[in-house]
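J.: If you want the building blocks of each chain, they are given just below.
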Amino acid sequence: GAVVSQHPSWVICKSGTSVKIECRSLDFQATTMFWYRQFPKQSLMLMATSNEGSKATYEQGVEKDKFLINHASLTLSTLTVTSAHPEDSSFYICSAEISGRLAGGDVIGNEQFFGPGTRLTVL
Amino acid sequence: AQKVTQAQTEISVVEKEDVTLDCVYETRDTTYYLFWYKQPPSGELVFLIRRNSFDEQNEISGRYSWNFQKSTSSFNFTITASQVVDSAVYFCALWETSYDKVIFGPGTSLSVIP
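Protein sequences, first through last, are from chains A and B.
Every letter in the first sequence is one number past the one before it in our numbering, and letter 55, counting from 1, is 55.
Every letter in the second sequence is one number past the one before it in our numbering, and letter 57, counting from 1, is 57.
Since the hints were derived computationally from the structure, they do not count as laboratory data.
In this text the structure is predicted, and so the values were computed from the model without any measurement.
Heads up, a few of these hints could be off.
A few chain B residues facing chain A, derived, Cβ under 8 Å [said to hold, decoys possible]: (1) Gly43; (2) Glu44; (3) Leu45; (4) Phe91; (5) Val102; (6) Pro106; (7) Gly107.
Yeah, the Cβ is synthetic: ideal placement off N, Cα and C, and Gly gets one too.
Given the sequences, and given the hints that come with them, work out the whole structure.
T.: Here it is in structure tokens:
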């Protein structure tokens, strides 16, 4: 199956610093990637949809200036948490989408593959 | 309104018991997809099943089975003969093609006691 990696798997940083998280699709090209955040004992909440070569679409309540998303290639999207604060401590998960098509071009449904997550702790 | 509801926040069962995790969804799309994921303590999501809205056949995979009922907008997940390794948080999710994003339910934490 398709593999999505995230780097780093965990990071600890001081308040006020910026942290970059990478999401890579290892064996397929993904025009769309998604970023989720999960607080302890809570569900995954979609933060933004990232399309290659264009600006990300942020969900309501997510600060785009704080969570910078770059999707410069079909296999890499990055999430930068700028000026991180303790309340940004969370588990960040990315996913990459494959468009499923039959030989004739009909869309058979998209597949989404999740990365292993990055645990961010801001001191 | 919550689009994916998992009414059971936590469930505890004794090993070898059967357990059903409920999932109720809400959508106006005619084409959509439903998923179940397992999230063990390590945090990595494990894909279990994907079902599209046109396929109401129930599915069985080993000890896992899924019951999809469009009439009640439910997509329930049953584990038979539960094992300690089944202990995890299970998420039901909905992908509406008109929005092209996955909405996760709140999750059900399952504890299987030896």
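J.: None of the hints should be skipped; say for each whether it holds.
T.: Structure-based check of each hint:
no. : hint   : verdict
1   : Gly43  : holds (5 Å)
2   : Glu44  : holds (4 Å)
3   : Leu45  : holds (5 Å)
4   : Phe91  : holds (7 Å)
5   : Val102 : holds (6 Å)
6   : Pro106 : holds (5 Å)
7   : Gly107 : holds (5 Å)
Going through the hint list in order, the structure satisfies each hint without exception.
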